[in-house]
Amino acid sequence: MTITPAIKRDYLSKLAEQGKRADGRTFNEFRKIEIETGLIPKAEGSARVKIGNTQVVAGIKILIGTPYPDTPESGAMTTAAELIPMASPDFEAGPPRENAIELARVVDRGIRESKIIEVDKLCLEPGEAIWMVFIDIHIIDFDGNLFDTSSLAALAALHNAVIPIERLRPDLEKLQEKFPSVKKYLEEHPTDYPLPLQEPPISCTSVKYNNVIMIDPALDEEEIAEARLTVATDKNGDIRAMQKGLNGSFTVEEIKKIIKASIDNGVKIREELYKSVGK
Amino acid sequence: MTITPAIKRDYLSKLAEQGKRADGRTFNEFRKIEIETGLIPKAEGSARVKIGNTQVVAGIKILIGTPYPDTPESGAMTTAAELIPMASPDFEAGPPRENAIELARVVDRGIRESKIIEVDKLCLEPGEAIWMVFIDIHIIDFDGNLFDTSSLAALAALHNAVIPIERLRPDLEKLQEKFPSVKKYLEEHPTDYPLPLQEPPISCTSVKYNNVIMIDPALDEEEIAEARLTVATDKNGDIRAMQKGLNGSFTVEEIKKIIKASIDNGVKIREELYKSVGK
Amino acid sequence: MTITPAIKRDYLSKLAEQGKRADGRTFNEFRKIEIETGLIPKAEGSARVKIGNTQVVAGIKILIGTPYPDTPESGAMTTAAELIPMASPDFEAGPPRENAIELARVVDRGIRESKIIEVDKLCLEPGEAIWMVFIDIHIIDFDGNLFDTSSLAALAALHNAVIPIERLRPDLEKLQEKFPSVKKYLEEHPTDYPLPLQEPPISCTSVKYNNVIMIDPALDEEEIAEARLTVATDKNGDIRAMQKGLNGSFTVEEIKKIIKASIDNGVKIREELYKSVGK
Amino acid sequence: MESDIKLIDDNGKRLDGRAPDELRKIKIEVGVLHRAEGSCYLEWGGNKVMVAVYGPKEALPRHTQNPLRAIVNARYNMAAFSVDDRKRPGPDRRSREISKVISEALEKVILLEKFPRASIDVNIEVLNAEAGTRCAGLTAAGVALADAGIPLKDIPVSCAAGKIDGHVVLDLGKEEDNFGDADLPIAISPRTNEILLLQMDGHLTVEEFDKALEMAINGCHIASDIQKKAIMDKYQSAPEVK
Amino acid sequence: MESDIKLIDDNGKRLDGRAPDELRKIKIEVGVLHRAEGSCYLEWGGNKVMVAVYGPKEALPRHTQNPLRAIVNARYNMAAFSVDDRKRPGPDRRSREISKVISEALEKVILLEKFPRASIDVNIEVLNAEAGTRCAGLTAAGVALADAGIPLKDIPVSCAAGKIDGHVVLDLGKEEDNFGDADLPIAISPRTNEILLLQMDGHLTVEEFDKALEMAINGCHIASDIQKKAIMDKYQSAPEVK
Amino acid sequence: MESDIKLIDDNGKRLDGRAPDELRKIKIEVGVLHRAEGSCYLEWGGNKVMVAVYGPKEALPRHTQNPLRAIVNARYNMAAFSVDDRKRPGPDRRSREISKVISEALEKVILLEKFPRASIDVNIEVLNAEAGTRCAGLTAAGVALADAGIPLKDIPVSCAAGKIDGHVVLDLGKEEDNFGDADLPIAISPRTNEILLLQMDGHLTVEEFDKALEMAINGCHIASDIQKKAIMDKYQSAPEVK
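Residue numbers (my numbering), protein chains in the order written: chain A, 1 to 279; chain B, 1001 to 1279; chain C, 2001 to 2279; chain D, 3001 to 3242; chain E, 4001 to 4242; chain F, 5001 to 5242.
Treat the hints with care, as some may be off.
As the list claims (entries may be wrong) - Derived DSSO-like pairs: lysine-lysine, alpha-carbon spacing no greater than 27 Å straight-line:
(1) Lys1256(B) with Lys4006(E)
(2) Lys5211(F) with Lys2235(C)
(3) Lys2256(C) with Lys5153(F)
(4) Lys115(A) with Lys3100(D)
(5) Lys256(A) with Lys3100(D)
(6) Lys2115(C) with Lys5087(F)
(7) Lys3087(D) with Lys1174(B)
(8) Lys1178(B) with Lys2174(C)
(9) Lys5114(F) with Lys2008(C)
(10) Lys50(A) with Lys5087(F)
(11) Lys174(A) with Lys5087(F)
As the list claims (entries may be wrong) - Simulated restraints on C-beta separations:
(12) Asp90(A) with Glu1226(B): 46 to 54 Å
(13) Pro2069(C) with Gly1278(B): 49 to 57 Å
(14) Glu2226(C) with Tyr68(A): 53 to 61 Å
(15) Glu4214(E) with Gly1237(B): 16 to 24 Å
(16) Glu1226(B) with His3034(D): 23 to 31 Å
(17) Leu4015(E) with Lys2268(C): 44 to 52 Å
To be clear, the hints were calculated from the coordinates, so they are not data collected in a lab. Backbone N, C-alpha and C define an ideal beta-carbon position, used for all residues, glycine too.
Use the sequences and the hints to build the structure in full.
In structure tokens form, the structure reads like this:
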């Protein structure tokens, strides 16, 4: 358990009282965002996202699988996130800890509950064969705000992803011998095509310390934060997911303020996302 | 490794020399037994059993499964017991330790080897579909004698259990399309009916310290015990299972004495069991 | 982490300077090898091999299984090695550590890559049923050179192994109802017959310390070794597998010298292997 | 999952007859376990949860100790038989996330600084599950902490609001949870209305969110009254302190 | 599992020709391993077991230490190839239960108080299994402990009785175990006849149990004589002490 | 797996147009991560690997410490998306073996005695895999160690040779690896040509082995020059030391 040095806390708190942050940003300002897509040829989709110095690589693998019994006509998706020791001296190898589990679940829910992936278009043969989408998030450099960096990387990789008709043609051709619907599917989809997606919500995370609230915390800020709130908002400014963290509290007014800032920044980040994927 | 306070050992040993126990019982006397059934609506059968302050909740889930290859016409059963940290400051979360494993295996054998569940009546379609009975034992308050409390809770929950025709009707109707025998089964069993059971043996545990033997040890007595013997006996007074524990020993005479006490108490406990399940 | 006593290192180094080893062997000489086969009736093949005081029991189980999707007409093989606490006070119970994993993988590759087991002759019905060969290596006494002892034990057990037609006749007869090719197979193979094998390479391990190189290290020698090289060579003197270990280095000349010694000893060990299996 | 089920009728009544801002029935028993230092059995609609509190005691393993304050180890666990399909015993990713957010929420109201290097263990067992188990568990944990005599700034309490068929309603039931549009579980410190836990899944406009948050806070206060009554009943009926 | 197999014929002979109170053949070799401090290879009918003893040594991890006495860590393990269907390597619930009851049985006869904070490790490997492996393993462990020079009050020994086709018999074989009515493995301290281990599965009347227990104790004494002879043979044939 | 694929044409050209003794293209970037003490991004043909170095720092858990020197913990890991079929996250037997042989190779060139009880952690992440990832990873690790300022006797470097269609060639590509006859990855200390890592699978005559080993050493030297240039480029372009 790390004890945050009192001196760092004092310094950042004093700055905050003056309305400032250590890296010169305003409270409502994100760090610089860089998005690169398609860097992993073996993946069906991939993206490298930097928010400040935090850096995440997300890769999408799309495989043929069998549907869950309770959703026989629906594709499936899974999200995994690893806090690998590469990214920080504080991350240990081994099975995922609470922090990694919360991260993966929040990113997963952000994509699953807002139905970004059109899973109803990922059925090959009801009850028998579907497309399974695996989102793997690799954190390689950690300087705070993993929630937003990881979820943006996942979105960018999804937008970069194609259904791998070419790579899996032998398997699909074997399937079409058994299932006429796959034969029809292959005629309609003769080659790779983009993974069908809906408009994505954008996730923005804020933290609070000494009664000041600031968005996109850098690691130093995160370490002294008392409470954290992640808000995902969509194109219409509606709320699509929220997750509060840490052992501090928020007032109702603070939450409303954070929602406002999340909607504002969400608009800009959505533009960067679309630009990066050529939309 | 806990070192039992010498003072407690001395006190209980002195009492024992005078033929007494700390809670006023005789050596051959169980603590008060309470049995409540049907408390868990989600479970197919359930029971809460208290022996003194020791409290166990057992739940039965009954699902459709596929038979083991070597018993294609037989249902299946599984017993799991968890020593969860709720019940005692000495129980740790995590994979089951030796004590929990021994407990689950002894309860399981007590039910399996004495053939209480009529598994030959739990086949839906030979080699294809059977009823699987899951017995889960949740220890929520620990004051000694888990073996008897857990096995009595399992028995009470089994006697409370029904085959869940209603809940699984959609699955059964899908099955009957494939297997005519399931169609016939559904005609014969139009609704939930009691899990078919044989007469159960009753498990009674005794411990020995300072050459005194006493039944149904409370936690204090268990902690200073040198040897433990569990004996399950049936309605006819026959022996159906035994398990010796701890690093002390018994003489042949002591074992015979324990068997006698187990048969005597078994009669009374069986009455309480039947009363609680309305038999 | 064990610190090798300086005194032992000094003693063995001084001996080595004089061209000697503690047990009187020359640098190019193996310890005495003993091979006993067929000692485990339950196994399809078995062998106990001693090299000096190091002792290994290998057992082969051969079962019916389903082929991997990418090799539908090929049998399968798996090698597992356990460094069980029986063999040494330094081996711990629990999941395999790096040393056990390297050992199992090197033995497995030695058999798999040199195609000793003729897996193409182990298909019962393409895509449906094959013979699966399990090689389990039990190290029971550890005095150095596990690589060579284990791989020799695996080879001897394989040469002792039969396809268990008799034991699995009921399963095979059930299979032949579904697959005509199994019927034909059973006519051609009415009873147990030897597992089909190719000529095996023989593995020889050398170590280096104080710039001296010696083959078949005893435990004392292994503990002070700086670098290790295992070379598997076949009947023609060709190289079939190599694995360097430990954090020292070899020169090109040293490697060539070790290859030469491995070929020479391989010839003798192959003779012992054949003699033990009655070839 | 979508469905044709109508979750709210023309009179504004829900499937189980409740009004939009009506809680399910809550029943609380305090001090029900012998071994635990504090305990609570709580029924909330069809949910049945048991909570046992142990501590403060030395946090183990040692590397989890905080030299300045106690830590809270909440352990949310669903019994294998608490759901329709048997749940595999042991923690899964869902239960570990819930354990984490409940631990964080409880830490805010406990006077942690009084017990450096200690842990306070809060064992939450869900015996029967019927939508809203994390709210039920956290509410029961608040009572069990009080029963254990752990010094608290306030007794934390939890409740959810949500959206069904386009209406904002309080405390979603099973079908409402499965077929509704949004779920917003929160926990508060009732004395200050500070928000200790907040999660949201689904789709809410900002206005709907504001309404749902207000409704959930109201629900928390109703549950808080039931908590306090249960604690008082125990200590009034018991002339001597345990 | 039930079967039409007749396990005992009209002359009271069993499938392998034994009389009801006759043991399978037992063969014991002492001190067969180089590295272990004590070792024993034992064949009992078709069972083949190897036992290695290490210790007393400091018990690790430290929290397992008992400041007043040594602990015994028996580890019963079946080789993957020791049974018809390959067994997955590593401990399972059955082997962990057997390890526990064997550890407890051995602790009774060792002078544990001589070695506070120590552990004595007893590694039991079943190489070929044919009914009765826990008795074979415990009997071999007794010999290996003596070979290791561990101070013992007595050399423990184990044997089973059981019931087949309604008859009480000694030392069940494979088919007798599979198709019999009851199995009663025990271990004793032969000097005092104290019972160190006892398990029973199946169905016995009280009278049958009494008879089976007596028969199993007799079997233990026969095995005990073979143990002692094997130990004596080793030390007589070896002029110098190891 | 065997195939009719012709891996080398009549002009001695390989599938991707390379000559027998020609390396794939190597690209190295130094110091690409913010948090790590040293880092390297390396592309080798289609392989893309990232390496981060942390340390020397106290080795944990404590029982891994060596009182006389530092230990190297290389951790080779393939990203789930780095291969055609998704790889399950986490270490498997293959990655643990590779981590071991890379750790051993790196230990030889580091001045370990300067840092008793310490560990030097070398995290190797394979982002895109295309035959030869262990050579790519070890070569990148050498650069990252230098970037971290770890005192080195030499910058280790790695390369493979192999046999395809009966010809000894350098640096096998994907199809050459799948359908070739032998693969011989090595690592060397380029200053002395000492061999730090060597593995071989397949079938080589002694003469072929000698030729392949020589070719692989030559390949190492080519890669070594690219390593050194990348390191120099970084420190020349950066006027101030990190």
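- Query: Going back to the hint list, which numbers does this structure go against?
  - Reply: Failing hint: just 1.
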